[in-house]
Amino acid sequence: MRDKYVDWLRALSLITVVVWHWAFTILRWSPEGPSPTSPLGFTSGLWILTWLFQVLPLFFYVGGYVHLLSWNRACERGTGIGAFVWRRIKALAIPGLTLTGIWIGIGAVVTMLFDIPWMWRVVLLVLSPLWFLIVYLVLIALLPVALWLHRRYDVLALIWLGGAALVVDVIRLRYGVDWVGWLNMILVWGLAHQAGFFYERVVVLPRRYDVAILWTGLFGLFGLVYSGLYPGSMVGVPGDKLSNMAPPTFVIVCLLIFQIGLVEVLRPTMERVLEGPRWKRVNETINRFALPLFLFHTTGMAIALGLWWGLFGFPSADPRPNLMWWLERPFAILGPLLCTLPVIYLFSRRKRVDRTPAPT
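Numbering (the UniProt record's numbering), first residue to last: 1 to 360.
The reader is advised that the hints may include incorrect statements.
What the hints assert, rightly or not - Between beta-carbon pairs, the in silico distance windows are:
id, residue 1, residue 2, range
1, Arg201, Thr111, 50 to 56 Å
2, Ile104, Glu76, 38 to 44 Å
3, Ile333, Gly236, 17 to 23 Å
4, Val170, Gly306, 43 to 49 Å
5, Trp118, Trp160, 25 to 31 Å
6, Ile333, Arg28, 17 to 23 Å
7, Leu166, Leu92, 25 to 31 Å
For the record, the hints were derived by calculation from the structure and aren't laboratory data. A virtual CB, placed ideally from N, CA and C, is assigned to each residue, including glycine.
Let the sequences and hints guide you as you build the complete structure.
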């Protein structure tokens with residue numbers, strides 16, 4: 001029987017990222033082309049919202065549980081680990097590579113025909129959110145190692161991964177070895193993925209432990225952020241010297257712990273809600289479209305902005321959000337959504353055609 005709450009968390013985490021990009025990306029226009037910024041750099045205290053809305057730690061956590069569950073089922077069917085890993089890599093890599101190839105082709109054609117040097121910046125902006133798919137693919141490829149660590153060392157694997165991530169931060173921030181920070185792309189996100197292997201154990205914990213996990217993560221966040229060593233935002237803010245996401249810092253480990261506690265505290269209420277027929281249909285719908293929506297949401301956003309700029313001109317050079325900008329946020333979501341849905345339809349239709357057996 002499917003865990004409706006897991007489905008909800010996985011889809012909601014992807015859709016939250018999509019809505020954040022649509023609603024809170026500010027593009028500044030210059031002769032060199034568009035460059036992104038965010039209201040976090042202009043609005044005091046808004047960074048605290050990223051503790052709730054930066055949900056990639058939760059996505060990797062739930063993804064780890066789903067992979068373990070899928071692997072256990074594959075074992076029952078006699079599927080080998082190599083075939084299992086390769087099938088899951090293909091399921092993600094093919095649409096991602098297809099999208100990348102299409103945009104590289106668009107960039108090359110537009111650059112050659114119209115001599116627009118900043119077109120490659122547009123291509124980079126559209127494809128940049130796919131970085132997490134690359135990390136996710138690496139973690140899928142490392143699944144045999146993760147499973148071995150889980151069977152052999154159990155919770156010690158989490159402690160070692162967390163400790164290694166903290167050591168990386170010390171080397172990076174204390175001794176100025178910046179390149180070593182990129183190791184945390186695997187250590188931090190690998191820890192979140194590995195933590196998903198313990199999902200079922202966390203679910204059966206008494207409620208007081210759920211509250212304890214929440215407060216442990218929250219106190220860790222406050223301690224690290226207000227130590228002055230780390231920024232408060234859980235997403236990158238243009239102009240900040242340090243980002244907690246690129247590459248991830250140990251702060252993201254505390255964010256993961258906080259979010260695990262939060263979703264478990266909310267579990268009884270959400271499970272009752274998701275049993276309702278309307279919410280059940282909503283859950284099924286968003287799960288069906290969450291990944292395609294994520295893959296193509298920047299493409300839809302590029303189309304929407306291109307149409308808007310073509311009709312009304314390029315935006316002001318001043319990126320600071322004003323009252324009108326905040327009032328326009330619902331429309332900032334609606335336009336890209338309307339432009340993304342046809343792309344999803346065309347891609348899905350092509351997949352269905354490709355899978356249609358040839359007549360004999």
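So, going through the hints one by one against the coordinates:
At about 53 Å, the CB distance of Arg201 to Thr111 agrees with the hint of 50 to 56 Å. At roughly 41 Å, the beta carbons of Ile104 and Glu76 sit within the given window of 38 to 44 Å. Between Ile333 and Gly236 the beta carbons are some 21 Å apart, a value that agrees with the proposed interval 17 to 23 Å. Separated by about 45 Å at the C-beta atoms, Val170 and Gly306 satisfy the suggested range of 43 to 49 Å.
In this structure the hint that Trp118 and Trp160 lie 25 to 31 Å apart at CB is violated, the actual value being about 45 Å. The supplied range of 17 to 23 Å is met by Ile333 and Arg28, whose beta-carbon atoms lie about 20 Å from each other. The beta-carbon spacing between Leu166 and Leu92, approximately 30 Å, falls within the hinted interval of 25 to 31 Å.
Checked against the numbered hints above, the structure breaks only hint 5 and satisfies the rest.
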